[in-house]
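> What follows is each chain in one-letter form.
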Amino acid sequence: MELGEAIYSLLADIFPICRSVAGEGVRETLRRLQREIALTIHEVPSGTQVFDWTVPREWTIRDAYIRNEAGERVVDFQACNLHVVNHSAPIRAILPLGELRQHIFTLPEQPDRIPYRKSAYDEAWGFCMAHERLMALPDGLYEAVIDSELGEGSLSYGEFYHAGASEEEVLLSAHICHPSLANDNCSGLALLTLLAKALSGHKTRYSYRFVFAPGTIGALAWLARNEAQTGKVRHGLVVSCVGDGGGPTYKKSRRGSAFIDRAASHVLRYATPAPAILDFSPYGYDERQYGSPGFNLPVGLFQRSLFGSFAEYHTSADNLDFVRPEHLASSYSMLLAILDVIENNFTPQSTMMKGERQLGRHGLYIGGDGSPTTQAANMAMLWVLNLADGQHTLLDIAERANMPFADLLEVARRLQEHGLLEA
Amino acid sequence: MELGEAIYSLLADIFPICRSVAGEGVRETLRRLQREIALTIHEVPSGTQVFDWTVPREWTIRDAYIRNEAGERVVDFQACNLHVVNHSAPIRAILPLGELRQHIFTLPEQPDRIPYRKSAYDEAWGFCMAHERLMALPDGLYEAVIDSELGEGSLSYGEFYHAGASEEEVLLSAHICHPSLANDNCSGLALLTLLAKALSGHKTRYSYRFVFAPGTIGALAWLARNEAQTGKVRHGLVVSCVGDGGGPTYKKSRRGSAFIDRAASHVLRYATPAPAILDFSPYGYDERQYGSPGFNLPVGLFQRSLFGSFAEYHTSADNLDFVRPEHLASSYSMLLAILDVIENNFTPQSTMMKGERQLGRHGLYIGGDGSPTTQAANMAMLWVLNLADGQHTLLDIAERANMPFADLLEVARRLQEHGLLEA
Amino acid sequence: MELGEAIYSLLADIFPICRSVAGEGVRETLRRLQREIALTIHEVPSGTQVFDWTVPREWTIRDAYIRNEAGERVVDFQACNLHVVNHSAPIRAILPLGELRQHIFTLPEQPDRIPYRKSAYDEAWGFCMAHERLMALPDGLYEAVIDSELGEGSLSYGEFYHAGASEEEVLLSAHICHPSLANDNCSGLALLTLLAKALSGHKTRYSYRFVFAPGTIGALAWLARNEAQTGKVRHGLVVSCVGDGGGPTYKKSRRGSAFIDRAASHVLRYATPAPAILDFSPYGYDERQYGSPGFNLPVGLFQRSLFGSFAEYHTSADNLDFVRPEHLASSYSMLLAILDVIENNFTPQSTMMKGERQLGRHGLYIGGDGSPTTQAANMAMLWVLNLADGQHTLLDIAERANMPFADLLEVARRLQEHGLLEA
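Taken in sequence, the protein lines are chains A, B and C. For the first sequence, the numbering used here begins at 1 and goes up steadily by one. For the second sequence, the numbering used here begins at 1 and goes up steadily by one. For the third sequence, the numbering used here begins at 1 and goes up steadily by one.
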């Protein structure tokens with residue numbers, strides 16, 4: 001099965017689960033991912049203080065609906081888990097429509113879509129529904145039932161570690177707290193899980209740490225528990241919304257010119273004519289936490305369409321039709337290309353610094369047709385050799401030559417084989 | 001009375017006075033300003049050497065006119081003091097028109113306006129008049145009378161000092177040598193005088209020094225007399241032409257990236273969609289002297305329309321109709337906003353550097369309507385907290401967040417009150 | 001005789017000679033240049049190893065043709081030396097057209113032009129001809145004769161040294177290995193020769209070294225023989241294709257911001273509205289060798305049309321009609337202007353750093369008409385004086401003032417004469 005299909009299939013598998021900041025939904029999702037990779041599940045008890053935040057209670061949701069006087073469910077959690085405000089307090093009441101409306105959220109500008117809304121840190125209850133459906137409800141009494149529970153328990157997050165030659169780490173992080181939203185972030189979870197699975201079979205230079213945690217509080221919990229180890233994180237990416245056809249988007253780490261920022265910008269420039277390369281801002285996903293001043297980790301955000309910028313964002317339209325296997329596959333390729341830069345960058349050293357090399361003598365000159373391709377291949381060799389002075393990494397060379405890192409890496413390896421370069 | 005009106009009123013008061021580089025005109029103007037603030041008047045004797053320049057003689061002007069054969073004044077200093085070349089030598093002669101013309105200056109391209117012209121450093125005499133009036137003069141003999149005197153005396157300049165908490169100074173300087181030109185520079189003199197008056201009632205971080213001096217030689221005289229003290233000048237602005245509706249214009253100090261350059265550029269960018277932010281050049285007003293290499297003070301130039309770029313510049317059209325209270329008021333606001341950055345910039349330090357703050361827990365989250373205004377208010381808090389690492393001043397943060405300094409200052413103060421920040 | 005004509009005349013003189021990488025053609029050319037300047041001719045024996053390259057054998061070419069069955073020369077080296085592949089191995093054979101074609105090179109897209117092609121480092125034989133002539137050849141047998149010899153001997157290069165006040169050198173280099181191509185590079189050879197001749201009569205600050213050497217291997221031979229001395233090269237230019245009307249083009253040295261890069265960019269910006277200022281790349285002429293990482297000399301490339309970018313490049317159309325005396329003259333002027341910056345740049349020091357100078361008092365103020373020219377002349381004085389703080393060279397000042405170096409140099413000299421500046 002093709003890779004894009006495989007990611008899509010895993011994504012579709014976890015899509016129906018009703019996740020929230022803490023509770024069975026996250027645990028069920030993590031268990032599903034454990035079928036693919038040896039994920040460790042960590043539990044952080046409710047009430048634990050993590051920096052400025054407190055781990056919330058677990059949310060259990062069994063059922064939720066609004067029933068009209070005829071006993072028909074006009075809003076039904078069983079049909080779509082976005083119908084209940086995520087982490088909602090329980091309710092069981094009969095109310096006139098006018099009063100009930102104060103607890104119903106809609107999107108008047110997208111009247112056929114159910115919004116996604118959450119209430120993780122206050123005790124409140126509510127429903128979400130399509131605006132046109134709400135408008136169609138006749139006055140009268142309605143029975144509002146949210147059969148939920150907010151109780152002591154724990155917040156769960158998953159962690160997968162792939163040991164490389166070095167203890168220095170690449171951190172890859174995805175949020176796991178959203179219910180049935182396909183792009184945000186079943187896509188990120190599925191993609192990273194299959195990336196982790198693929199990595200397991202390979203020797204790598206860096207060690208890789210995957211964190212699947214509820215947004216904000218989950219990332220903070222991971223940071224709090226691993227505070228002494230965060231110095232090992234040399235490069236990192238938060239990954240979300242990677243199943244749609246927009247973008248790609250890269251939002252830089254707080255540092256702004258970290259290696260990950262250069263590598264991701266470089267790769268995306270060759271992946272698409274006009275990628276969105278954005279400066280850091282303290283709003284978005286968990287790059288905010290990794291990039292809080294006390295950590296300031298070099299962690300950027302990789303997405304297709306930027307969060308908040310597409311109409312399906314945080315609505316019922318972010319469903320299994322919105323994400324496509326081919327987009328997941330291309331997101332995977334871009335991510336891999338970024339990691340390839342991280343894994344393979346080095347400082348080549350020419351074995352003869354004086355004068356140009358006579359490529360023909362070494363059987364390296366690509367002659368003949370003078371086509372753009374052979375010209376580029378020769379230029380790549382000339383660039384690598386010219387800048388292989390021990391002062392430039394391969395990414396430095398790629399940036400200056402305005403050529404893809406992958407091409408120069410291939411060239412550098414051939415030059416190494418022929419003894420013209422050493423590392 | 002509204003501030004713009006108050007500035008306009010003072011401006012209108014000093015407008016009629018016939019100032020020149022040295023003489024009673026300047027003194028009379030300074031005395032008028034003394035009614036508002038405790039201005040010290042300094043006198044520098046004629047002939048005093050200041051650096052490469054010599055203080056010129058005082059100019060006394062009693063009357064000046066050109067009379068035709070019928071005894072009618074066809075040019076009359078009493079009607080407009082621009083009619084006589086400023087600092088003109090005396091003359092009393094009867095001449096044929098052809099000969100007289102060699103001493104008459106006009107603006108052929110603005111035939112209804114009288115030019116402003118001066119002759120401070122050579123002994124010469126002359127008149128200025130509207131070109132169309134000159135063209136209309138019939139041939140014949142004319143009596144040219146300039147009842148002036150160039151004599152030993154002194155050059156006068158005014159100085160006002162407001163002591164702040166620190167001995168470090170902000171220098172605010174306006175030239176006082178132009179006769180009846182409203183924008184250039186009655187506007188600057190009136191605006192700075194009322195600013196000085198307003199400051200007197202306040203505690204400030206910096207000390208403020210106001211210098212009202214004749215252009216070039218006056219600024220040089222101040223520099224020469226205060227040479228040892230110039231090191232205290234941390235920030236400065238030359239202020240002129242602040243009553244018209246153009247610009248705003250900020251011309252950078254010679255240093256190019258002094259704090260005043262950043263602060264003024266920042267403020268003007270939020271005051272107007274396309275402010276003119278100009279690099280330093282050694283032509284203009286007294287920023288040239290403050291920015292001569294031996295001083296190199298961080299002093300920029302603040303204007304509305306750039307000198308020399310508006311048709312009324314140095315003509316009789318630079319009159320009380322050309323300047324408006326509302327422009328004076330908005331210039332005052334911009335200047336104040338620049339001083340606010342200087343006064344209030346500081347390096348905030350977050351009291352918890354790890355992880356984002358839970359704003360809601362501190363009663364700081366501005367919830368609800370999701371409007372651009374509330375979003376911006378929340379973003380402002382996130383930016384300040386994210387960069388409050390002891391490495392960034394508030395202006396650094398404002399530049400990176402691309403948000404107005406004033407907004408971030410308000411936010412920083414609220415965060416301080418809630419204990420999330422300290423200075 | 002006007003300079004452009006003189007350069008053209010020398011160019012036309014050497015144009016017919018059949019040069020190659022090594023052999024009599026180069027030697028004959030160098031001897032011709034010796035009639036103008038005291039050129040030293042160096043010989044490097046065949047087989048000598050220079051860095052990664054080996055000096056090739058000498059090529060002797062006596063005659064070459066293709067004769068049809070009627071005994072007519074359908075391709076004739078006597079008519080144009082581009083007809084034989086440069087450095088071709090000898091051949092004497094009767095072949096059917098189909099077989100012969102594998103040794104014939106044409107330009108199908110420029111069917112009336114003969115391409116220039118060389119084979120310096122493999123043993124091969126071949127002819128070049130106009131595509132339309134080849135197409136017109138009837139099938140049949142042809143006699144192919146290349147009466148050449150590849151034998152032991154030496155590679156020749158010429159060197160001219162002009163001693164200046166300093167041992168620090170300006171390197172000017174032109175390739176001499178191309179046969180009858182007028183722009184590439186008879187133009188460079190002729191122009192530099194007459195520049196060298198002109199310099200001989202002058203005292204200069206720098207010493208000047210001219211190298212006329214076969215491309216790549218010749219420059220490498222010079223580098224190898226003068227390795228210990230290359231540190232003296234402070235500035236340098238490779239000069240080629242300076243007789244056409246395109247460009248001008250300046251390709252920066254590998255360093256990217258060497259003084260020569262700034263000087264050449266500055267001069268060309270005032271020579272033409274949109275000069276091509278290109279970043280270094282490791283493809284082109286001998287700036288590649290001078291800019292190999294082990295040398296990294298500050299040597300750029302000066303051209304009119306960029307190599308490879310004009311249709312006549314490496315074809316028989318690069319002939320005496322393609323280059324014009326007026327273009328040679330303007331190239332010479334630009335080159336001289338660049339050298340003028342190198343020769344005359346200095347760090348002026350104002351003799352009075354405090355306050356602006358009173359130019360009138362020193363008889364320096366250019367008064368009166370207020371025309372752009374006199375304004376610029378006054379601004380030039382103000383800029384030089386303002387930045388003559390011992391921290392800025394004249395080129396720094398020219399860049400910041402956005403004024404031509406030559407104008408500021410004139411101004412600086414006048415200021416020096418009046419005692420306002422010292423070096």
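Be aware that a few hints might be false.
[Said to hold, decoys possible] Once the Cα atoms are required to be at most 30 Å apart in a straight line, the calculated DSBU-like pairs of lysine-lysine come out as:
(1) K118(B) <-> K354(C)
(2) K232(B) <-> K232(C)
(3) K354(A) <-> K232(C)
(4) K232(A) <-> K232(B)
Don't read these hints as lab results, they were simulated from the structure.
> Does the alpha-carbon distance linking K354(A) and K232(C) stay inside the 30 Å limit?
This hinted pair holds, its Cα atoms lying about 17 Å apart.
> K118(B) and K354(C) were given as a pair; does the straight-line alpha-carbon distance stay at or below 30 Å?
holds, 25 Å
> Keeping to a limit of 30 Å between CA atoms, is the pair of K232(B) and K232(C) held or broken?
Roughly 47 Å separates the two Cα atoms, so the pair is violated.
> Do the alpha carbons of K232(A) and K232(B) lie within 30 Å of each other, as the hint requires?
Status violated; Cα separation ~47 Å.
Hints 2 and 4, counting from the list given before, are not met by this structure.
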